[in-house]
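Visitor: Chains as they are written, first to last, in our numbering: chain X, 429 to 776; chain F, 636 to 753; chain D, 4 to 118.
Please note that the accuracy of each hint is not assured.
The list that follows gives simulated cross-link-like pairs (lysine-lysine, BS3-like), each with its CA atoms no further than 30 Å apart [said to hold, decoys possible]:
#	chain 1	residue 1	chain 2	residue 2
1	F	K747	F	K667
2	D	K71	X	K646
3	X	K506	F	K747
4	X	K646	F	K747
In short, the hints are calculated from the structure, not lab data. This one's a predicted model, so the numbers in the text were calculated from it and none came from an experiment.
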Amino acid sequence: MINISLLMIMVATALGLVWLRNLLAVVMFSGIFSLTAASLWVVLGAVDVAFTEASVGAGIATVLGLASLALTRTEHEKRTRVFHLPALIVVLVTGAALIYGTLDMPGWGDPDAPIHTHVAPRYIEDSLAETGVPNIVTSVLASYRGFDTLGETTVIFTAGVGVLVLLGRGRRYPVANPRVAAGGGPGRAPAAPGSEGAAVPGDSGEMRFKAILRVGGKLLIPPILLFAFYTQAHGELGPGGGFQAGVIFASAFILYALLFGVPMARAVAPASVLRGTLALGVLIYAGVGIAGVLLGGNYLDYSVLAHDPVHGQELGIILIELGVGITVASAMMTVFFVFAGQDPQQVD
Amino acid sequence: MDFPGLFNYWIVIALMMIGFYIVISQGNLVKKIFGLNIFQVSVFVFYISMGKVEGGTAPILAPGFATYTNPIPSVLILTAIVVGVATMAVGLALVVRIRDAFGSIEDDEIAKLEGDVT
Amino acid sequence: MVAVLLDGLSWLCLVAGVLAALIGGIGLLRLPDVFSRMHAAGLIDTLAAGLIIVGLVLQSPSWTVAVKLILIIVFILFTSPTATHALARAALHGRVLPWLGDRSSPSEGAPSSKA
Numbered sequence: 429m430i431n432i433s434l435l436m437i438m439v440a441t442a443l444g445l446v447w448l449r450n451l452l453a454v455v456m457f458s459g460i461f462s463l464t465a466a467s468l469w470v471v472l473g474a475v476d477v478a479f480t481e482a483s484v485g486a487g488i489a490t491v492l493g494l495a496s497l498a499l500t501r502t503e504h505e506k507r508t509r510v511f512h513l514p515a516l517i518v519v520l521v522t523g524a525a526l527i528y529g530t531l532d533m534p535g536w537g538d539p540d541a542p543i544h545t546h547v548a549p550r551y552i553e554d555s556l557a558e559t560g561v562p563n564i565v566t567s568v569l570a571s572y573r574g575f576d577t578l579g580e581t582t583v584i585f586t587a588g589v590g591v592l593v594l595l596g597r598g599r600r601y602p603v604a605n606p607r608v609a610a611g612g613g614p615g616r617a618p619a620a621p622g623s624e625g626a627a628v629p630g631d632s633g634e635m636r637f638k639a640i641l642r643v644g645g646k647l648l649i650p651p652i653l654l655f656a657f658y659t660q661a662h663g664e665l666g667p668g669g670g671f672q673a674g675v676i677f678a679s680a681f682i683l684y685a686l687l688f689g690v691p692m693a694r695a696v697a698p699a700s701v702l703r704g705t706l707a708l709g710v711l712i713y714a715g716v717g718i719a720g721v722l723l724g725g726n727y728l729d730y731s732v733l734a735h736d737p738v739h740g741q742e743l744g745i746i747l748i749e750l751g752v753g754i755t756v757a758s759a760m761m762t763v764f765f766v767f768a769g770q771d772p773q774q775v776d
Numbered sequence: 636m637d638f639p640g641l642f643n644y645w646i647v648i649a650l651m652m653i654g655f656y657i658v659i660s661q662g663n664l665v666k667k668i669f670g671l672n673i674f675q676v677s678v679f680v681f682y683i684s685m686g687k688v689e690g691g692t693a694p695i696l697a698p699g700f701a702t703y704t705n706p707i708p709s710v711l712i713l714t715a716i717v718v719g720v721a722t723m724a725v726g727l728a729l730v731v732r733i734r735d736a737f738g739s740i741e742d743d744e745i746a747k748l749e750g751d752v753t
Numbered sequence: 004m005v006a007v008l009l010d011g012l013s014w015l016c017l018v019a020g021v022l023a024a025l026i027g028g029i030g031l032l033r034l035p036d037v038f039s040r041m042h043a044a045g046l047i048d049t050l051a052a053g054l055i056i057v058g059l060v061l062q063s064p065s066w067t068v069a070v071k072l073i074l075i076i077v078f079i080l081f082t083s084p085t086a087t088h089a090l091a092r093a094a095l096h097g098r099v100l101p102w103l104g105d106r107s108s109p110s111e112g113a114p115s116s117k118a
């Protein structure tokens, strides 16, 4: 019952998105949509996925959307085409075809559905004995479907590089002394309150008014980082793993950049270091595979990494989760810094 | 047919179609990308719904539980979410570059400008 | 006996929390301007969330779950005032003036001004 009501909230949010002209509200509604989806997944028993969606969809995606709105300097759509007849016809026909397709599907939650009768029982029954990892999602992700995850990690790496290629060069934030640029000095004159279009609301001075935000942020950043490490290390036993940990780790830096300005955050995590770690994660992942080959196994076969196959599996899973975490964290931070580091004034 | 039956899937399809409608009918590129996000999340919901087992708990092995939710859709979607946000970042970066080049992020204005050039 | 009492207390907290969330939601829709709407949102952040979590703590099967729930409320109590402060400051920065009732309301602070 609760999943039907959550789905209804999602339908209402999505319909609202069609009508909204204010793009700021579009971004916010998209965040609400993602968060509702995350709650739905907790109800459906997919806790790892819910965890990821809550941190990615409601966190990083919203920040990126706001940053790109600041960069394109648009707040409103020119016109909304709420009713667009050809599009409506296409959508209705497609929807009808899809619903026709579901008529042959087994009922929702049916334990005898084909999806539950082939490989899934094997994972549920044997994965603990074979890998020593109680979280089946982690063991399938990192070990049984290791090739797939290697591909996904490479896609994230490629996307990070793609954003760097598109926006990273030529429009970089003017490099200055980070402390001066952040306007943090108490003796400095505050920036004019009317200065428009600051992509990062941290660099316009006014230390006195920011005190509450900065103290609150400083109190929050260490627990966020600690939680990221916990998520990374605890991924075998409970919900969590490299993907979530990377995103949470990056969000601590994003919070720091929002409060203290991008130059300050870049001083903590310089672009050159991030570019290195972006590649390092994929390298660790692929390197574990090579190590397996050198020790006489197949590529990404972790059983040969230690004397005991189960220990080898555990070691391999921990190592590749570390690689995933490093790449995801660096990719998210790189993307955010590239977006937020742009100077909106320079666009015109 | 008992109540949940296929009803869940139908709502999810309605969600997908709303996202699809935003992508093809709206002119603003940022709104198109967020419509695509709606579409994408709906597909994820569809996968996760298929993995649900009646009475199953989260797929983390613990003594005292026998029925678990199917872990495979979780694995597929977990990676897809992070890949989705990474590709969305590339899309938004492209929008920013388009704004630089054409001074607009409305598709009909861009098409008109392109027509002037050629 | 104690179990029944705890259960009843927990349900009382949960129902009160849900009511507080409902009142906050109505306030969010009905109040005239950004600043007063933020009060309604504050009710949800503090009273509703707090009561629901206290109700859940009373239901929790082991102390680790209870500690996690208490940590959640601690973080909510840290973040939501900070976020509200940032929101109010952003609204002032965007020249949204508070609604001053029917007497001599400034044009920009009219109830119809956007949130």
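Visitor: Take a quick look at whether K747 of chain F and K667 of chain F sit within 30 Å of each other, Cα to Cα.
Guide: The hint holds at about 19 Å.
Visitor: Checking one constraint from the list: CA of K71 of chain D to CA of K646 of chain X, max 30 Å. Satisfied?
Guide: Measuring from Cα to Cα gives roughly 21 Å; hence the hint holds.
Visitor: For the pair supplied as a hint, K646 of chain X and K747 of chain F, confirm whether the alpha-carbon distance does not exceed 30 Å.
Guide: Violated, at roughly 49 Å.
Visitor: Are K506 of chain X and K747 of chain F close enough, with their CA atoms no more than 30 Å apart?
Guide: Measuring from Cα to Cα gives roughly 15 Å; hence the hint holds.
When held up to the earlier numbered hints, the structure conflicts with hint 4 and nothing else.
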